[in-house]
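Okay, here's what each chain looks like letter by letter:
There are 2 protein chains.
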Amino acid sequence: MKLAKSLQEIQPSYIREILSAASAPGVISLAGGLPDEATFPLALMAKSLTDLPNQTQLFQYGNTAGYAPLLAHFRECYQLPPSHDGIVCTGSQQGLDLIARAFVNPGDSIVMEAPSYLGAIQVFALAQATIESVSQRADGPDLEELAACFAAKDITLFYAVPDFHNPTGVCWSLKVRKKVAELCKQYNVAFIEDVPYRELRFKGDYLPLVSSFCPDNSMVLRSYSKIATPGIRLGLVTGRKDWITPLNKVKQAADLHSSIPMQAVLLDLLQHHEFEQHLAGLRRLYKARYQALIKQIALKLPSYCHSNTVEGGMFIWLSLPECDVDALAKSALEHGVAVVPSSVFYQDSSNITPALRLNFTNANIAKLGDAIERLAKVIKLYC
Amino acid sequence: MKLAKSLQEIQPSYIREILSAASAPGVISLAGGLPDEATFPLALMAKSLTDLPNQTQLFQYGNTAGYAPLLAHFRECYQLPPSHDGIVCTGSQQGLDLIARAFVNPGDSIVMEAPSYLGAIQVFALAQATIESVSQRADGPDLEELAACFAAKDITLFYAVPDFHNPTGVCWSLKVRKKVAELCKQYNVAFIEDVPYRELRFKGDYLPLVSSFCPDNSMVLRSYSKIATPGIRLGLVTGRKDWITPLNKVKQAADLHSSIPMQAVLLDLLQHHEFEQHLAGLRRLYKARYQALIKQIALKLPSYCHSNTVEGGMFIWLSLPECDVDALAKSALEHGVAVVPSSVFYQDSSNITPALRLNFTNANIAKLGDAIERLAKVIKLYC
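Chains A and B, in that order, are what the protein sequence lines are.
So for the first sequence, my numbering puts the first residue at 1; every next one is plus one.
So for the second sequence, my numbering puts the first residue at 1; every next one is plus one.
FYI, nobody ran anything at the bench for these hints, they're computed from the structure.
Where hints are given, some of them may not hold.
Because identical chains cannot be distinguished in the list, a pair is counted as satisfied if it fits within a single copy or across any two copies.
Pairs of lysine-lysine, DSBU-like flavour, derived with a Cα cap of 35 Å [claimed, not checked]:
1) 185 to 5
2) 367 to 241
3) 377 to 287
4) 47 to 380
What you are looking at is a predicted structure, and each value in this text was computed from that prediction instead of being measured.
Okay, chain A solo, but in the shape it has when bound (with noise of 0.2 Å):
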């Protein structure tokens, strides 16, 4: 068979494909955006996963939309309205795909931050979008181009990572969010928020979800990946019941229904009293790693290496002088330490500032020394 059309420009995923040769006895991977095992919250869990085979009513076939009792859970904790709904998907990379297959047609236009989410590049190229680019400041998208953007164009949404940005770990400042949601309601744009990493806050205030100033312009897209455990697969898409409505319909033929154990297992987890101590650790021991890899590299690193500051999240993002970013990863992986050079989250080649995405959650406060330590060998040869 030939390949589909939509399929023959797709790259497979840098990191997705590198995540192996990462995972290769004595590389220190900053690479991936992975969670430390040592965090998951197994012990919160044991009850639940022990009691399953006692659940029968768990493993038979269930409603596409989600477990029914874990999409209460969501409609109250999350304080959906009448008009509003949830659907869970097998990872918030499915709620994505869903969104791009019910709502974008080839050829569409649709706009990403530069850099933006290699995931969310590979979903609407699949989808054949043409993909507006707009540039990322320090406080979130730029909002001249982006207003330009919207005026210029029939644009049909807005997909962006305001908490802790991926790749760059940008937060978007309240007056930016505000006046994006404005914007969306303005030229009638989808806002599509994709908050994975919302609950990593270790600095800093919590900023209202840009989808508060326009709840009906607008699909929040959560992942369990990064709170509870990446291996279960769960995330959920809540928005306008008619937007909800057409990604059930998809997801019929996509899957039918994401696991029922695993649903029920997460609403437990979710339930469960030490939960808000759970995310209290996790916060505080990502805190102490992203501060132990400022440090290093303030240290270890040549002063023409720059990296901003975060208050949450999983990335920095540190800029470089003009350099072949691609050819310094792969020289990085042979001395032992996987990054993810800035090439691969631009969807136009042409705007690419060199950089690297260092993830700071995997790796212990020891392997992040080491880690900067091969680094700086390899910067100075490539830069």
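Place chain B on chain A using the hints.
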């Protein structure tokens, strides 16, 4: 947001939509393709389920193709040659969706028997394929029609369920299997062989897979919903490596990977020394229910109702005289029995023959009797 064009003509699945009505108190459902919960091999899965809290590594992100030990088991168990590969999917439904997304362009022609599996009709409609229908006979597709169709048109793939077809229960004869493989090779048409019911044979001898006669021209979709449990959402696609690789690319965007804890539990189940006994028990139970259903039909339904005989699977096909099958099914639900009208299984509504799909695996023998009693009243009203 406006619906994508691909979705504008998709109807929600009748079967998924009536599942909740069918599970209302007092209703006996012969509608879904649900296995009997009482048969779920949870006792054989108990050890691995209760051990999950100790298996931290299963809860991390995993490989897109699947949990490596499970893939290794499949390679051995299905005797995949080195030229072939497998990919674990979120149910075999996802496998089918990945195939359509990887290989079918809007407007491409694909072939299915009429009637055919509703979930496949949905997938290919979403892919905006042109669906060519070939009539089904008692031993498989009409070979003359099939050859004429292959000769006249540029066909991408032929999707079929040769073992205990959904919805009719038909099992293709050996002669038809060989001939279909030959035609697929001759006309360079990929054969997509969906075998969710293959292990549910309670009479007669196992026949070779159609794919065994055209291994380089085919892909096999397997489901663990019928022999393990549906709620875990696991299936498998196998085929040539250069056909599996594109599925991996699409799956990266679709959901990254399927639940790893569920994959580990499935592996333990498939390797359990009592698994074969479990399958034998399933076959015995379903055979008894099938025989009871056939007997009740002969006793209680008017003689103008004809049901085919089947040697396995989950369904029989009850042919009726000319009538409004949709109205009949609706009225049956009001009379406390859920069935699926033939109309939902035809892509081309001009070809519909009046019939009902009856499932015999979910309700027990007493309920099957009551169901046919209720159905008899409604049929007499409508036929």
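Worksheet item: Quick one: residue 47 to residue 380, C-alpha cut-off 35 Å, is that within a copy, between copies, both, or neither?
Response: The answer is neither: 51 Å in one copy and 53 Å across copies each exceed 35 Å.
Fill in: Up to 35 Å CA-CA - residue 241 versus residue 367, copy category
Result: close neither inside a copy nor across copies, 47 Å intra and 37 Å inter.
Worksheet item: Within a copy, between copies, both or neither: where do residue 185 and residue 5 come within 35 Å Cα-Cα?
Response: Intra 34 Å, inter 24 Å, cutoff 35 Å: intra and inter.
Item to complete: Can you give me the call for residue 377 and residue 287, within, between, both or neither, at a CA distance of at most 35 Å?
Response: within (26 Å within a copy, 69 Å between copies)
Of the numbered hints listed earlier, those contradicted by the structure are 2, 4.
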